[in-house]
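With the hints as extra help, turn the sequences into a complete structure.
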Amino acid sequence: MNPRLFFSLIAASLLLAAFAHYLTENEIFQFVTASIAIVVLAAWLGKATESVAHYAGDRIGGFLNATFGNAAELIISFFLVREGLFDMVKASITGAIIGNMLLVLGLSVLLGGIKYKEQKFNAKLAGHNASLMTLAIAALFIPAIFMRELPPVKIETLSIVIAVVLIIAYLLWLVFSMVTHSDFLADLDPQESEPVWSKGVSILMLALSTVFVAIVSEWLVHGVEHLSSSFGWSDLFVGAFVIAIIGNAAEHSAAVLLALKGRIGGSVEIAIGSSLQIALFVAPTLVLVSLLIGRPMDFVFTPFELAAIAAGSLITISITRDGATNWFEGMLLLTVYIILGTAFFFV
Amino acid sequence: MNPRLFFSLIAASLLLAAFAHYLTENEIFQFVTASIAIVVLAAWLGKATESVAHYAGDRIGGFLNATFGNAAELIISFFLVREGLFDMVKASITGAIIGNMLLVLGLSVLLGGIKYKEQKFNAKLAGHNASLMTLAIAALFIPAIFMRELPPVKIETLSIVIAVVLIIAYLLWLVFSMVTHSDFLADLDPQESEPVWSKGVSILMLALSTVFVAIVSEWLVHGVEHLSSSFGWSDLFVGAFVIAIIGNAAEHSAAVLLALKGRIGGSVEIAIGSSLQIALFVAPTLVLVSLLIGRPMDFVFTPFELAAIAAGSLITISITRDGATNWFEGMLLLTVYIILGTAFFFV
Amino acid sequence: MNPRLFFSLIAASLLLAAFAHYLTENEIFQFVTASIAIVVLAAWLGKATESVAHYAGDRIGGFLNATFGNAAELIISFFLVREGLFDMVKASITGAIIGNMLLVLGLSVLLGGIKYKEQKFNAKLAGHNASLMTLAIAALFIPAIFMRELPPVKIETLSIVIAVVLIIAYLLWLVFSMVTHSDFLADLDPQESEPVWSKGVSILMLALSTVFVAIVSEWLVHGVEHLSSSFGWSDLFVGAFVIAIIGNAAEHSAAVLLALKGRIGGSVEIAIGSSLQIALFVAPTLVLVSLLIGRPMDFVFTPFELAAIAAGSLITISITRDGATNWFEGMLLLTVYIILGTAFFFV
Numbered sequence: 001m002n003p004r005l006f007f008s009l010i011a012a013s014l015l016l017a018a019f020a021h022y023l024t025e026n027e028i029f030q031f032v033t034a035s036i037a038i039v040v041l042a043a044w045l046g047k048a049t050e051s052v053a054h055y056a057g058d059r060i061g062g063f064l065n066a067t068f069g070n071a072a073e074l075i076i077s078f079f080l081v082r083e084g085l086f087d088m089v090k091a092s093i094t095g096a097i098i099g100n101m102l103l104v105l106g107l108s109v110l111l112g113g114i115k116y117k118e119q120k121f122n123a124k125l126a127g128h129n130a131s132l133m134t135l136a137i138a139a140l141f142i143p144a145i146f147m148r149e150l151p152p153v154k155i156e157t158l159s160i161v162i163a164v165v166l167i168i169a170y171l172l173w174l175v176f177s178m179v180t181h182s183d184f185l186a187d188l189d190p191q192e193s194e195p196v197w198s199k200g201v202s203i204l205m206l207a208l209s210t211v212f213v214a215i216v217s218e219w220l221v222h223g224v225e226h227l228s229s230s231f232g233w234s235d236l237f238v239g240a241f242v243i244a245i246i247g248n249a250a251e252h253s254a255a256v257l258l259a260l261k262g263r264i265g266g267s268v269e270i271a272i273g274s275s276l277q278i279a280l281f282v283a284p285t286l287v288l289v290s291l292l293i294g295r296p297m298d299f300v301f302t303p304f305e306l307a308a309i310a311a312g313s314l315i316t317i318s319i320t321r322d323g324a325t326n327w328f329e330g331m332l333l334l335t336v337y338i339i340l341g342t343a344f345f346f347v
Numbered sequence: 001m002n003p004r005l006f007f008s009l010i011a012a013s014l015l016l017a018a019f020a021h022y023l024t025e026n027e028i029f030q031f032v033t034a035s036i037a038i039v040v041l042a043a044w045l046g047k048a049t050e051s052v053a054h055y056a057g058d059r060i061g062g063f064l065n066a067t068f069g070n071a072a073e074l075i076i077s078f079f080l081v082r083e084g085l086f087d088m089v090k091a092s093i094t095g096a097i098i099g100n101m102l103l104v105l106g107l108s109v110l111l112g113g114i115k116y117k118e119q120k121f122n123a124k125l126a127g128h129n130a131s132l133m134t135l136a137i138a139a140l141f142i143p144a145i146f147m148r149e150l151p152p153v154k155i156e157t158l159s160i161v162i163a164v165v166l167i168i169a170y171l172l173w174l175v176f177s178m179v180t181h182s183d184f185l186a187d188l189d190p191q192e193s194e195p196v197w198s199k200g201v202s203i204l205m206l207a208l209s210t211v212f213v214a215i216v217s218e219w220l221v222h223g224v225e226h227l228s229s230s231f232g233w234s235d236l237f238v239g240a241f242v243i244a245i246i247g248n249a250a251e252h253s254a255a256v257l258l259a260l261k262g263r264i265g266g267s268v269e270i271a272i273g274s275s276l277q278i279a280l281f282v283a284p285t286l287v288l289v290s291l292l293i294g295r296p297m298d299f300v301f302t303p304f305e306l307a308a309i310a311a312g313s314l315i316t317i318s319i320t321r322d323g324a325t326n327w328f329e330g331m332l333l334l335t336v337y338i339i340l341g342t343a344f345f346f347v
Numbered sequence: 001m002n003p004r005l006f007f008s009l010i011a012a013s014l015l016l017a018a019f020a021h022y023l024t025e026n027e028i029f030q031f032v033t034a035s036i037a038i039v040v041l042a043a044w045l046g047k048a049t050e051s052v053a054h055y056a057g058d059r060i061g062g063f064l065n066a067t068f069g070n071a072a073e074l075i076i077s078f079f080l081v082r083e084g085l086f087d088m089v090k091a092s093i094t095g096a097i098i099g100n101m102l103l104v105l106g107l108s109v110l111l112g113g114i115k116y117k118e119q120k121f122n123a124k125l126a127g128h129n130a131s132l133m134t135l136a137i138a139a140l141f142i143p144a145i146f147m148r149e150l151p152p153v154k155i156e157t158l159s160i161v162i163a164v165v166l167i168i169a170y171l172l173w174l175v176f177s178m179v180t181h182s183d184f185l186a187d188l189d190p191q192e193s194e195p196v197w198s199k200g201v202s203i204l205m206l207a208l209s210t211v212f213v214a215i216v217s218e219w220l221v222h223g224v225e226h227l228s229s230s231f232g233w234s235d236l237f238v239g240a241f242v243i244a245i246i247g248n249a250a251e252h253s254a255a256v257l258l259a260l261k262g263r264i265g266g267s268v269e270i271a272i273g274s275s276l277q278i279a280l281f282v283a284p285t286l287v288l289v290s291l292l293i294g295r296p297m298d299f300v301f302t303p304f305e306l307a308a309i310a311a312g313s314l315i316t317i318s319i320t321r322d323g324a325t326n327w328f329e330g331m332l333l334l335t336v337y338i339i340l341g342t343a344f345f346f347v
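Chains as they are written, first to last, in UniProt numbering: chain A, 1 to 347; chain B, 1 to 347; chain C, 1 to 347.
You may find that some hints are simply not true.
As the list claims (entries may be wrong) - Straight line, CA to CA, 20 Å or less: simulated SDA-like cross-link-like pairs of lysine to any residue:
hint, chain 1, residue 1, chain 2, residue 2
1, C, K120, C, F63
2, A, K124, C, A123
3, C, K124, B, R321
4, B, K117, C, L171
5, C, K261, C, L111
Read the hints as simulated data drawn from the structure, not as lab findings.
Structure (structure tokens):
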């Protein structure tokens, strides 16, 4: 598309959404305009990610995309923690984890798989992702199992220890994957796409587009919350599915675009990388921050949330472990997402 | 064996079992004659499967065998659902799933492994089987976990959604494995056995022998139920082990015969394919049918049944994932089956 | 080091620890001298294992090391069973299983991984280890799940059946791995280290050093128990972590030394082999022995112990399945160990 036309479209949709958000009271109007802006912004962000991936490889491009995408998640969750809305924080963490693994990755694998019979990526990366997911599952289940017999004060201390240990593990993972063993986890067929912008402009575009996505996501979430109350949906469902789906718009567009270009390794990095970042970095950071601001949140998730994360992780590990994907595997991921979504909807 | 002698033997054993079933009251006599007929029929069915597999490859031969074998399962279960005997339906579903994965596959791998040091099959097929099993486990666990807090009417709706989703997933699996990616999952060393009959006759023989196995299985089950009450066995044990072992006679003979011919890929297809068909097609179909006939059955299994299916699936996934088997792995499958059988026996 | 100096050092540290144990009452002094002796003995044992592995290959060397190491475990546990201290027996079994898988293997993989970028071992061995671990998990979970509805006498019978089945499975594993398929599971790069002693002397040294480690471990455990009461640690934590760490000193030194020599296959054999031996042989033997001496112990572990064993096994299976290790994977194993240790500490 003509670049000038493209940016005019972005500006127009942003202005319209901002107008609806700040100057009108009509929630349906706010919701519709924010949705349009998100779609346009997502296209921009997809292009920026693709361009950064051209220069940096799928892994670092994917990591940057996951980080920018989760920055919004972290900020929104921080405000929820400050309000003491711990249940909604945990629901949205759960939703973001399974949304990335099942919906984002599922759509990428399905749509990429309709175009290509089989897409391959680095199986070593898949193996390490599986180990990190197993660590995340263990870290989430242990407090829930031990809390039956522990007093709240000990659960809090246990939560802090687990939070610190996970953050250290995540930082060491960055050292491992980007410094000491970056060649081990490299893409199978890097840099085949055409660059859209120069290196510096690409990074700037990635940062800018993500910031706008984050801002408009919040407007959209705001509108959705009002809509949900009129539909009579539960907080758990809204937190874990509606907010998570919209909050993952960035990951969606970028991951699906890469899959359609035959670069499923980048999609895996974005989707699973984002899930792992939330479980191993965003969630523990929220636990520690909650302590600092004097509203301590523990690391104990509900059995429903644990079941959803375990089911999502198991099917994702099973599907990605061989370093190859096809349309049926994307369909399987989406199937588990639909089952979980239905179950949460009824709670 | 001389074909004429072979068919005379089948006819004689069938007539004897029919005589015992319809014209005598002696349950021990009924049980013994039906058992003899099953053994003879199983040999027939084994030959028919082998012959079909010669023309169609292990995968389609295995699928046909699994389907014919489970037709009996489906018919028997339908009558149990109509009687409202939901607990026995679920017990026999559980028994059929773990019986195929642990006993049928375990015996095939053990006996084949005594003859051949290592038998290989398509590892891609093993990977997809593992993913489908993971889906089945998730689909069975989710309702059980969520039912604690949901009212019965919502559990029923959730059960229907899961049933529909699983049936769609299973049909798409057939499209994937037989249409779009049949070459991916092809046998490693197809068509090495000698054909017994022509293509058309082979299929006819497969259908005929399965129908007879199904009929006599029902006579046998009938006899066993009476025997069980005199031995004082629980319904759960009879449903999950005795009925399942006899009901799987077809799979047993065909799978073990293929393994002894060095075609373990066909055994895996029959055993795991049959388990998956029960979990992803037979069980959900029963849920939907139960609704149609006005006796709604939900998708909630007991913790014992879930534990048995999870344990059986995990060891089967672990053993098959590398696409190679040996006698020790067959022994491991049988070990888990013995542990589960003992546990169910004591309930 | 000069051999004469080395053995003088061993003799001196042993005499000092014996003096402290038998002739003084000062528990701190006993603890410190026993610790010094353990460190010196561990070096001896490491050399002996290395030398035996030179002649026998990593697998048999690892098996001998695991067996000698667990002999102490079995003897100590036997005395605890005789006293009826079943909870402490199960805690120390749990601790030994996860200590070997997470701490011993974790340190070996981490330290070996700092020296070598990637260390490889036989992936077939990893696959079989994973299947055996899955069997162990199933065998430990089944009684715990079924016990809710079974009377104690049936749980006892179920425990006996499981114990017998596991011992048979373990003995068949030895037949498989050392007789029928020893070439399948062979080391990738055997016999590269220099022999320290002749074959006969190596085995004698291995036996002697293990016996001394066992004796001094018991002295140390004795001292630790007194120390623990003054620190106010729970029995569960002392049994599962303090005793287990000290009781695994033999495995530690031998496994880490092999990893530093680039022979991670030997470390895996020692660490995972030892865990499997405890779960599949030592624990069931204790159940049967408890019956013989008239103080029947069942096979029912607490939810905490089951969670710890499941979490430890899952991460170990995930990390070893590809037959290659690096420093980050060692760190992951240690991370799970720290999380579990903290949780047990607070109970």
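Hints not upheld, ascending by number
Every hint satisfied by this model.
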